[in-house]
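Asks: Below are the chains, spelled out letter by letter.
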Amino acid sequence: MVFNKQGFGRVGAIAHNTMREALRNRAFIALSVSAVAFIIFSMILSELAVVGEGSRVILNFGFFAISLFVSVTAIVMGAVLLYKEVDKKTIYTIISKPVPRYEFIIGKYLGLLGILFIELVALACVWFLVITTDGGEITTAHMVGIGLILFEAMIVTGLAVMFSAMTNPALTALFTTGLFAIGRVHYVVQEMLQAKEGVFVDQPWARPIGDLVVGVVPDLGVFNVSQQVLLGLEIGSSYLGQSLVYALGYVAIFLCLAIFAFQRRDFV
Amino acid sequence: MQDANTESNPAENPSHEEGSVLACDQLHKEFTIGLRLKRVHAVRGVTFAVKPGEIFGYLGPNGAGKTTTMKMAMGLIGSTSGSVTMFGQSVDDPKVRSRVGYLPEHPYFYDYLTAFEILDFYGRLYSIPKSMRLKRIDELLEMVGMSHARNRRLRGFSKGMLQRVGIAQSLIADPDLVVLDEPLGGLDPIGRKDIRDLIYNLRERGKTVFFSSHILHDIETICDRVAIINHGQIVHMGSLDQLLGGEGKLVDVMALQGPNSVDEKTLCQKIEALGASPSIAGSTVTIVVEESVLSSVLSLLLESKLNVIDVTARRISLEEFFMREAGAEDGV
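Order-wise, the sequence lines are chains E and B. If you read the first sequence in the numbering used here, its first letter stands for residue 1, the second for the next number, and so on. If you read the second sequence in the numbering used here, its first letter stands for residue 269, the second for the next number, and so on.
Incorrect hints may have been included.
[Said to hold, decoys possible] Sample of chain E residues at the chain B side, in silico, Cβ under 8 Å:
id : residue
1  : G9
2  : R10
3  : N17
4  : K88
5  : K89
6  : Y92
7  : T93
8  : I95
9  : V99
10 : D266
[To be verified] Subject to a maximum C-alpha distance of 25 Å in a straight line, what follows is the list of computed SDA-like cross-link-like pairs (lysine to any residue):
id : chain 1 : residue 1 : chain 2 : residue 2
11 : E       : K89       : B       : E488
12 : E       : K84       : B       : G346
13 : B       : K363      : B       : V308
14 : B       : K398      : E       : G114
15 : E       : K84       : B       : H374
16 : E       : K89       : B       : K427
17 : E       : K88       : B       : D379
18 : E       : K84       : B       : I584
19 : B       : K363      : E       : V268
20 : E       : K84       : B       : S426
21 : B       : K363      : E       : F260
22 : E       : K5        : B       : R401
23 : E       : K89       : B       : K319
24 : E       : K84       : B       : F299
25 : E       : K5        : B       : K306
26 : B       : K517      : B       : H504
27 : E       : K5        : B       : D388
28 : B       : K398      : E       : Q263
29 : E       : K88       : B       : D388
30 : E       : K89       : B       : R367
31 : B       : K363      : E       : Q263
32 : E       : K89       : B       : H504
33 : B       : K306      : E       : Q263
[Said to hold, decoys possible] What follows is a list of derived Cβ distance ranges for each label pair:
id : chain 1 : residue 1 : chain 2 : residue 2 : range
34 : B       : L305      : E       : L23       : 40 to 50 Å
35 : E       : A27       : B       : L305      : 35 to 45 Å
36 : E       : S237      : B       : R421      : 43 to 53 Å
37 : B       : R421      : E       : V33       : 48 to 58 Å
38 : B       : G302      : E       : K88       : 20 to 30 Å
Keep in mind that the hints were calculated from the coordinates and are not lab data. No residue lacks a Cβ here, since even glycine has one placed at the ideal position from N, Cα and C.
Chain E on its own, in the form it takes in the complex:
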């Protein structure tokens, strides 16, 4: 893979077009509107909460809703990302141009990530508005939390692009959702593996599977800092940096696998 100024221009064009497509897509708009409604709904729930727990509800609900909707958007849009290009044969007029296939994959990935970034910023603004309306204060920790959700979205998007390059939308959605769910409970599997009793002790044959899950599936719990924000704990910049490196590592692996699969495909 060689990148020069022209290569960046082509990747930028593909990413821009992917974002433009999403912004004109009703599914994306519907998901974003649902997410906004969900966050605003947290204000009503906070009113119903035990006295003093209202801000906690808004905080937890906000983190949960933003993270969930950004990931769901990544899965929904990512599932059809490459499939649609092949199915609708729009790829014919792209690959037949001086566009290496890896640039196409990277462009599609960055385009989808771009749209998730826009969604994330929009949802964060709504969330911050809800917090301040409730009398709360926006801290650096909130910003860091949003940044970490973006890193998680990078991984989920990478997963979706990888499966999209290999299989159909239904399986892409299924596999990506499955790994997303496992990634979210990664720490639970880790604890079960370390426990002196439980499924991995009773069923020794399951241990290699548990080891594989822990070793291969990204730990998405790394990107959830809602408890730290709630407790007012400081989240250091080194944690943010390490999380970014962790996410980038997985993204690189997923995109390499996507490119490898896509490179060999015949567009009949």
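Following the hints, position chain B against chain E.
Replies: Quick look at chain B alone, frame taken from chain E:
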């Protein structure tokens, strides 16, 4: 120039002619289909070379391997064996496609974009600077008669309009080689003439055009050379003079039936017995005959009390040649 027989025989035709724009050498493509992994040999040892500045027609029935060959040339499909080069470079290197424009069969575009946006997008893929891109888009939209729809979304375009946008996108980088897969499909007669004129115009500007079509009349009108592919193999190749010149002339005979003429059924039987095929519309009988049986047919018509009103000799058409070859290939 090679003589007709040499060039018509693909086995003796060198693919990598000096300075060829597009060359296929012993190109094969096998697909594996179905659960039983059945192998289908779509292209079998295709070898040809397209010279600079010529219009090269690629002709064959549905499923002959035309589109598969074109897709291999454009990097959409990998070959099983053999090679494709453009401007002397392997098509495996995407850079070579910076000098090539391609219109796929039944082109599909992002229908949420306007005509301007789609051309701008493709222009960016060719790394054309913005100022040049904007100028080129306006020129191309004018050239394909789509200036009026510049800012309309493709979603509302007719098939013919999409085909015109497809032609425009294939020319956005002012390529030296234009590969057009069925460029005249979906166009009305005016549209077909416009695209034919456009292809002529490309040749006048020194461009090379490699195109496939089912519309044999258009191929005959436009092309300098043609290759005929059937069952994945090139069965004939050469200029139209080379391909059709050696086939003998055909004569169109027109005659009018009179009150004393023999009945139609008997007449048809007698004409068919001479190896010619008549068609009758009202009192007019039209017969296409080979030169060798012309005198026998004319004698028959006079004996049958018909008035011969026109006898015109002409070269066999590409369609007649193609139908005859396709029939022979399929054992018809």
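Asks: Next, verify each hint and record whether it holds.
Replies: We went through each hint and held it up to the structure:
Residue-level restraint check for G9 (chain E) holds (minimum Cβ-Cβ distance to chain B is 5 Å; threshold 8 Å). Hint status for R10 (chain E): holds, given a least beta-carbon distance of 5 Å to chain B, under 8 Å. Given hint, N17 (chain E) at the interface with chain B, holds; its Cβ is 6 Å from that chain's nearest Cβ, closer than 8 Å. Among the interface hints, the one on K88 (chain E) holds; its C-beta lies about 5 Å from the nearest C-beta in chain B, closer than the 8 Å criterion.
Interface hint status for K89 (chain E): upheld, as the beta-carbon distance to the closest one in chain B is roughly 4 Å, under 8 Å. Hint on Y92 (chain E) holds. Least Cβ distance to chain B is approximately 4 Å, under the 8 Å limit. Annotation: T93 (chain E) was flagged as interfacial toward chain B, and the flag holds, the nearest CB pair being 6 Å apart, inside 8 Å. The beta carbon of I95 (chain E) is positioned within 8 Å of a beta carbon in chain B (closest approach about 6 Å), and the interface hint is therefore held.
The interface hint given for V99 (chain E) is met, as the beta carbon of that residue sits about 6 Å from the closest beta carbon of chain B, less than 8 Å. For D266 (chain E), the interface hint holds, the least distance from its beta-carbon to any beta-carbon of chain B being 4 Å, beneath 8 Å. A distance of roughly 30 Å separates the Cα atoms of K89 (chain E) and E488 (chain B); the hinted pair therefore is violated under the 25 Å criterion. Distance hint between K84 (chain E) and G346 (chain B) is fulfilled; the C-alpha atoms sit about 21 Å from each other, no more than 25 Å.
The suggested pairing of K363 (chain B) with V308 (chain B) is violated, with an alpha-carbon distance near 31 Å, which exceeds 25 Å. For the suggested pair K398 (chain B) and G114 (chain E), the alpha carbons sit about 23 Å apart, so the restraint of at most 25 Å is met. A threshold of 25 Å between alpha carbons decides the hint, and for K84 (chain E) with H374 (chain B) the separation of about 16 Å falls inside it, so the pair holds. The hinted pair formed by K89 (chain E) and K427 (chain B) meets the criterion: a straight-line CA distance of about 15 Å does not exceed 25 Å.
In summary, the hint linking K88 (chain E) to D379 (chain B) is supported, as the alpha carbons are separated by about 10 Å, within the 25 Å threshold. Only pairs whose Cα atoms come within 25 Å are accepted, and K84 (chain E) paired with I584 (chain B) is rejected, the gap being roughly 46 Å. Restraint check for K363 (chain B) and V268 (chain E): the C-alpha separation of about 22 Å stays at or below 25 Å, so the hint holds. Taking the CA atoms of K84 (chain E) and S426 (chain B), the gap is near 21 Å; set against the 25 Å cutoff, the hint holds.
For the hint linking K363 (chain B) to F260 (chain E), the alpha-carbon distance of about 20 Å falls within 25 Å, and the restraint holds. The hinted pair formed by K5 (chain E) and R401 (chain B) meets the criterion: a straight-line CA distance of about 17 Å does not exceed 25 Å. Taken as a hint, the K89 (chain E) and K319 (chain B) pair is broken in the structure, with Cα atoms around 30 Å apart against an allowance of 25 Å. Note on K84 (chain E) and F299 (chain B): the hinted pairing holds, with a Cα-Cα distance of about 22 Å set against a maximum of 25 Å.
Simply put, K5 (chain E) and K306 (chain B) have alpha-carbon atoms about 45 Å apart, too far for the 25 Å limit, and the pair is violated. A hinted pair counts as satisfied when its Cα atoms are at most 25 Å apart, and K517 (chain B) with H504 (chain B) qualifies at roughly 19 Å. Among the hinted pairs, K5 (chain E) with D388 (chain B) is consistent with the structure: their alpha-carbon atoms are about 18 Å apart, no more than 25 Å. Of the pairs offered as hints, the one joining K398 (chain B) and Q263 (chain E) is violated, with about 30 Å between alpha carbons and a cut-off of 25 Å exceeded.
As the CA atoms of K88 (chain E) and D388 (chain B) are separated by approximately 20 Å, the hinted pair is consistent with the 25 Å bound. Between K89 (chain E) and R367 (chain B) the CA atoms are separated by roughly 22 Å; this keeps the pair inside 25 Å, and the hint holds. As the CA atoms of K363 (chain B) and Q263 (chain E) are separated by approximately 16 Å, the hinted pair is consistent with the 25 Å bound. Note on K89 (chain E) and H504 (chain B): the hinted pairing is violated, with a Cα-Cα distance of about 31 Å set against a maximum of 25 Å.
Distance restraint check for K306 (chain B) and Q263 (chain E): the Cα-Cα separation of roughly 23 Å lies within the 25 Å cut-off, and the hinted pair is therefore satisfied. The supplied range of 40 to 50 Å is met by L305 (chain B) and L23 (chain E), whose beta-carbon atoms lie about 42 Å from each other. Checking the proposed 35 to 45 Å range against A27 (chain E) and L305 (chain B) shows it holds: the Cβ atoms sit about 36 Å from each other. Separation of S237 (chain E) from R421 (chain B) is about 46 Å and conforms to the stated range, judged on CB atoms against 43 to 53 Å.
Between R421 (chain B) and V33 (chain E) the beta carbons are some 23 Å apart, a value that contradicts the proposed interval 48 to 58 Å. At about 24 Å, the CB distance of G302 (chain B) to K88 (chain E) agrees with the hint of 20 to 30 Å.
The structure is inconsistent with the numbered hints 11, 13, 18, 23, 25, 28, 32 and 37, although it conforms to all the rest.
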